[in-house]
Amino acid sequence: MSIRALRGFTDAGRRDLAFAGLTLLLFAGVTLAFPAFATPRNLAGLLDDTAILIMLALGQMLVILVRGIDLSVAANLALCGMLAALFNRAYPGAGVLPAVLLATGAGTLLGATNGLLVWKLRLPPIVVTLGTMSVFRGVIYLLSKGAWVNENEMSRAFLAFPRGEFLGLSTLSWLAIGVAAIFFVALRGTRLARDLYAAGGNPEAATYSGIDAGRMQFIAYAICGAIAGLAGCLWVSRFAVAYTDIALGFELQVIAACLIGGVAIAGGIGSATGVVLGCLFIGIIRSSLPLVGISPFWQMFINGAVILVAVLLSARRRTATRPVLESRA
Amino acid sequence: MTVARLLRWESMLALVLVFEFVLFSSLSPYFLNVDTLSDATFNFTERALIALPLALLIIAGEIDISVAAIIALASVAMGLAAAQGVGTPVLAAIGLGTGLAAGCVNGALVTLGRVPSIVATIGTMTLFRGAAYAVLGDRVMKDYPLSFATFGQGYVAGPISVELAIFVVFAIVFGLFLHRTRWGRAIFAIGANPTASRFAGVAVDRYRFALFALTGTFSGLAAVLLTSRLGSTRPSIAQGWELEIISMVILGGVSVWGGKGSIIGVVLAALVFGLVTFGLGLMNIPGIVMSIFTGALLILVVAIPAWVNRR
Chain A
3 MSIRALRGFT
13 DAGRRDLAFA
23 GLTLLLFAGV
33 TLAFPAFATP
43 RNLAGLLDDT
53 AILIMLALGQ
63 MLVILVRGID
73 LSVAANLALC
83 GMLAALFNRA
93 YPGAGVLPAV
103 LLATGAGTLL
113 GATNGLLVWK
123 LRLPPIVVTL
133 GTMSVFRGVI
143 YLLSKGAWVN
153 ENEMSRAFLA
163 FPRGEFLGLS
173 TLSWLAIGVA
183 AIFFVALRGT
193 RLARDLYAAG
203 GNPEAATYSG
213 IDAGRMQFIA
223 YAICGAIAGL
233 AGCLWVSRFA
243 VAYTDIALGF
253 ELQVIAACLI
263 GGVAIAGGIG
273 SATGVVLGCL
283 FIGIIRSSLP
293 LVGISPFWQM
303 FINGAVILVA
313 VLLSARRRTA
323 TRPVLESRA
Chain B
150 MTVARLLRWE
160 SMLALVLVFE
170 FVLFSSLSPY
180 FLNVDTLSDA
190 TFNFTERALI
200 ALPLALLIIA
210 GEIDISVAAI
220 IALASVAMGL
230 AAAQGVGTPV
240 LAAIGLGTGL
250 AAGCVNGALV
260 TLGRVPSIVA
270 TIGTMTLFRG
280 AAYAVLGDRV
290 MKDYPLSFAT
300 FGQGYVAGPI
310 SVELAIFVVF
320 AIVFGLFLHR
330 TRWGRAIFAI
340 GANPTASRFA
350 GVAVDRYRFA
360 LFALTGTFSG
370 LAAVLLTSRL
380 GSTRPSIAQG
390 WELEIISMVI
400 LGGVSVWGGK
410 GSIIGVVLAA
420 LVFGLVTFGL
430 GLMNIPGIVM
440 SIFTGALLIL
450 VVAIPAWVNR
460 R
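Chains as they are written, first to last, in my numbering: chain A, 3 to 331; chain B, 150 to 460.
Bound conformation, chain B alone:
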């Protein structure tokens, strides 16, 4: 029953995606072009990379609102290191390490401090973003070495960017992890009923901590890619992304009550998001108008099943 329902949700997303393709290619002659489409992927790869671990976290019944603030913190850390003349590999390690450390802080607050995750991460969001502002103020860091640009601006082969390749690989890894392993099943179990999972011998808090650390690390990874693509760091970097990324995950069919969701859904939602943004851009429609569409869609996604269940 639930499987049939998930499948239906994902086929709906796929239909939306096909519809977008047809619509945009009929509206703009520039849309169906390999280079154009390759450019379009930059609209969502960084956000979608964070959506993957965040989906696991939400399926496990938690949430992380601090992801965008972690990007800012990691980006500032890299900016400071780059100003000292640190090389590219170390810079990337600093970005990932900052993300991991920030994720561990979230995990510790939720598991050891017993603070509800939404409150804990609103706090750390303010703290991390605040630290970025405290360190940088209104300055900009842009002493990045030339080779650092590879992550966000490089291509693996032909039109396939480094960012896209990284996303595809991790999407497959996360899909297999969540849907094919014992650990993935445990994550669903924790989200559906944490108490029962605990009695069934699942180390619930260890999973929660690990998922927060994972989400932090991927925020660090997104920080590396985004900073490399922009070539500069401002404390306002990735402002407001947290809500966009959460929207992406929910649009992908992950239940905010926990216990339900799939990686395919999240990937499709990311594609829908990216294409809409890009397509509207091609037609000179400002992104803010699209927010009406995404906002309404977000509510519809949860309202339709609720409406159907009521009858």
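The following block holds chain A by itself, in its conformation from the complex:
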């Protein structure tokens, strides 16, 4: 592994620690002012609300780590959610698992399509995923013929799936915790993760050491797609509706969560801890706004301000970045 990647790890570690402190401070502040905020019930709700964002942001992080970007995640989510909903409507007795597997499998294929275009044709990731985003949305319309799949068309088991409770937390929350745990362990301990960091940190050096940087991009897109597919099924059953425009524009929120969580758009830097904290930070702000008496319409503005502060701080620290976007010229 290169020195650069090693430094990336320690830098990211220090940043995660500082950001964890900041998130705790925010949490403590809100709790001090409004003791009702820290009730187990409220916190479980907060996690449930943030679960899908956490999963998607972790997938997106992999793509950004290898110098890509996936603008099509929300469209992928919506398409796979629609597939799951249509499947459930057609075979209500089939149970939940086939629907979940169908959505996850379809998501993997869609993600792999992005990955292939980026890997084999070396197309710019932003153009590829901008294109597939439009195509996916259009396909949802064709599949559903523009109609909604409503709550009364979904089977009871399908609707109950994300709402099941275990130790006070919803199934949805547990799934997010599971995905986060896998990422946390895998990003530290596996060879694949090291290769991903290396390919993103310095693709040329990675190539010389026998890592196919393009293949790493492909893998990252496929994993990101799989997560988007799974999230699509969860989204549809949680909100009990599927239509063409679900999660419209959510891709930019997901990318924003990554940026707040310290993932460098230049690639090679980012951690599961940071991304989860970034999502929780957004979640805490979102759920405390009504308590503080600020209109929820301020949420987006606050997110924007947080993103800008985060990227300005990390830009100051950064010494060398991706040459295409280098602005020291």
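Possibly wrong hints are sitting among the right ones.
Cut-off 25 angstroms, straight-line C-alpha distance, at most; resulting in silico cross-link-like pairs (SDA-like, lysine to any residue) [stated by the list, open to error]: (1) Lys147(A) <-> Val457(B); (2) Lys291(B) <-> Ala230(B); (3) Lys409(B) <-> Asp354(B); (4) Lys122(A) <-> Ala242(A); (5) Lys147(A) <-> Leu250(A); (6) Lys147(A) <-> Leu429(B); (7) Lys147(A) <-> Gly436(B); (8) Lys122(A) <-> Leu446(B); (9) Lys122(A) <-> Ser211(A); (10) Lys122(A) <-> Thr299(B); (11) Lys147(A) <-> Ala242(A); (12) Lys147(A) <-> Leu88(A); (13) Lys122(A) <-> Val405(B); (14) Lys147(A) <-> Glu393(B); (15) Lys122(A) <-> Phe442(B); (16) Lys409(B) <-> Pro126(A); (17) Lys147(A) <-> Val405(B); (18) Lys147(A) <-> Trp176(A); (19) Lys122(A) <-> Ala207(A); (20) Lys122(A) <-> Ala445(B); (21) Lys291(B) <-> Gln233(B); (22) Lys122(A) <-> Thr426(B); (23) Lys409(B) <-> Pro454(B); (24) Lys291(B) <-> Pro238(B); (25) Lys409(B) <-> Leu123(A); (26) Lys409(B) <-> Arg378(B); (27) Lys409(B) <-> Val351(B); (28) Lys147(A) <-> Phe442(B); (29) Lys291(B) <-> Trp300(A); (30) Lys122(A) <-> Ile441(B); (31) Lys147(A) <-> Phe89(A); (32) Lys409(B) <-> Ile453(B); (33) Lys147(A) <-> Thr426(B); (34) Lys147(A) <-> Ile434(B); (35) Lys291(B) <-> Ser297(A).
Simulated from the structure, these hints should not be mistaken for laboratory data. Nothing here was measured: the structure is a model prediction, and the numbers come from that model.
Given the coordinates of chain A, work out where chain B should sit on it, guided by the hints.
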């Protein structure tokens, strides 16, 4: 070599355009009609106006994702001013000024803050759109004076709308600026190799800042036209336009890697976009179906040359 290639790309776009004309006029008897075609231009003029400066920005190797959010911010600013009884000329100035200020924020983040433009403008996009929501919430502003409607609903002569006239004038100005002046050459140079341009004495950061300010100003101009055409402001105004406008620019043959592109290409792409939207509308095909076509086209545009180069 590159010139020949650009020419080929633009002639392909022109062919697509001719094909669209033939197709739509054979499919709908209402298509080839001066008034119909004049209506059709409203589908793209506002977006195309932003595509012009954005093309320069992308040729210079940067990007601006906040353009649609700037429209929302400028529109809200005008809405608030109009509620105070401000007159039409001042309203337009407020729209343009808000756009300029927002563009300067982007420029400062990229040149002074050293933040990559895609990250900086994702941040400001959230910030600007967020400010529009924070101010308006779920309210609508529509206290615009009657004369304000001239920009978006007026006609210069016959079927030529004010919007179309403004677009044509600026398309010519931008074309001459990019392809016939020293500054235009510098923009290509910056996109092709910023470091070499710096060593060749080009004030790279000054160009970048100016291009962001210009893109912001044109987003402000688009906000004036769009608000005037709709006669109302919601915080969700022009939602999702950023990606459509970027698609327009890339479809026009501008390279996302910077250093390549032409204004004629962007103008042709804008026409192709506008006609497809309108033609499908005439045939009662929903716009979302067209997004499959534009999305695939966008990928093909970059995939074909990549495929050819690989062989």
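Against the structure, the hints come out as follows:
{"no.": "1", "hint": "Lys147(A) <-> Val457(B)", "verdict": "violated (37 angstroms)"}
{"no.": "2", "hint": "Lys291(B) <-> Ala230(B)", "verdict": "holds (11 angstroms)"}
{"no.": "3", "hint": "Lys409(B) <-> Asp354(B)", "verdict": "holds (19 angstroms)"}
{"no.": "4", "hint": "Lys122(A) <-> Ala242(A)", "verdict": "violated (38 angstroms)"}
{"no.": "5", "hint": "Lys147(A) <-> Leu250(A)", "verdict": "holds (18 angstroms)"}
{"no.": "6", "hint": "Lys147(A) <-> Leu429(B)", "verdict": "holds (17 angstroms)"}
{"no.": "7", "hint": "Lys147(A) <-> Gly436(B)", "verdict": "holds (13 angstroms)"}
{"no.": "8", "hint": "Lys122(A) <-> Leu446(B)", "verdict": "holds (18 angstroms)"}
{"no.": "9", "hint": "Lys122(A) <-> Ser211(A)", "verdict": "holds (20 angstroms)"}
{"no.": "10", "hint": "Lys122(A) <-> Thr299(B)", "verdict": "violated (51 angstroms)"}
{"no.": "11", "hint": "Lys147(A) <-> Ala242(A)", "verdict": "holds (19 angstroms)"}
{"no.": "12", "hint": "Lys147(A) <-> Leu88(A)", "verdict": "holds (11 angstroms)"}
{"no.": "13", "hint": "Lys122(A) <-> Val405(B)", "verdict": "holds (18 angstroms)"}
{"no.": "14", "hint": "Lys147(A) <-> Glu393(B)", "verdict": "holds (23 angstroms)"}
{"no.": "15", "hint": "Lys122(A) <-> Phe442(B)", "verdict": "holds (22 angstroms)"}
{"no.": "16", "hint": "Lys409(B) <-> Pro126(A)", "verdict": "holds (14 angstroms)"}
{"no.": "17", "hint": "Lys147(A) <-> Val405(B)", "verdict": "violated (34 angstroms)"}
{"no.": "18", "hint": "Lys147(A) <-> Trp176(A)", "verdict": "violated (34 angstroms)"}
{"no.": "19", "hint": "Lys122(A) <-> Ala207(A)", "verdict": "holds (20 angstroms)"}
{"no.": "20", "hint": "Lys122(A) <-> Ala445(B)", "verdict": "holds (17 angstroms)"}
{"no.": "21", "hint": "Lys291(B) <-> Gln233(B)", "verdict": "holds (12 angstroms)"}
{"no.": "22", "hint": "Lys122(A) <-> Thr426(B)", "verdict": "violated (32 angstroms)"}
{"no.": "23", "hint": "Lys409(B) <-> Pro454(B)", "verdict": "holds (13 angstroms)"}
{"no.": "24", "hint": "Lys291(B) <-> Pro238(B)", "verdict": "holds (17 angstroms)"}
{"no.": "25", "hint": "Lys409(B) <-> Leu123(A)", "verdict": "holds (19 angstroms)"}
{"no.": "26", "hint": "Lys409(B) <-> Arg378(B)", "verdict": "violated (34 angstroms)"}
{"no.": "27", "hint": "Lys409(B) <-> Val351(B)", "verdict": "holds (18 angstroms)"}
{"no.": "28", "hint": "Lys147(A) <-> Phe442(B)", "verdict": "holds (17 angstroms)"}
{"no.": "29", "hint": "Lys291(B) <-> Trp300(A)", "verdict": "holds (22 angstroms)"}
{"no.": "30", "hint": "Lys122(A) <-> Ile441(B)", "verdict": "holds (22 angstroms)"}
{"no.": "31", "hint": "Lys147(A) <-> Phe89(A)", "verdict": "holds (15 angstroms)"}
{"no.": "32", "hint": "Lys409(B) <-> Ile453(B)", "verdict": "holds (16 angstroms)"}
{"no.": "33", "hint": "Lys147(A) <-> Thr426(B)", "verdict": "holds (19 angstroms)"}
{"no.": "34", "hint": "Lys147(A) <-> Ile434(B)", "verdict": "holds (12 angstroms)"}
{"no.": "35", "hint": "Lys291(B) <-> Ser297(A)", "verdict": "holds (22 angstroms)"}
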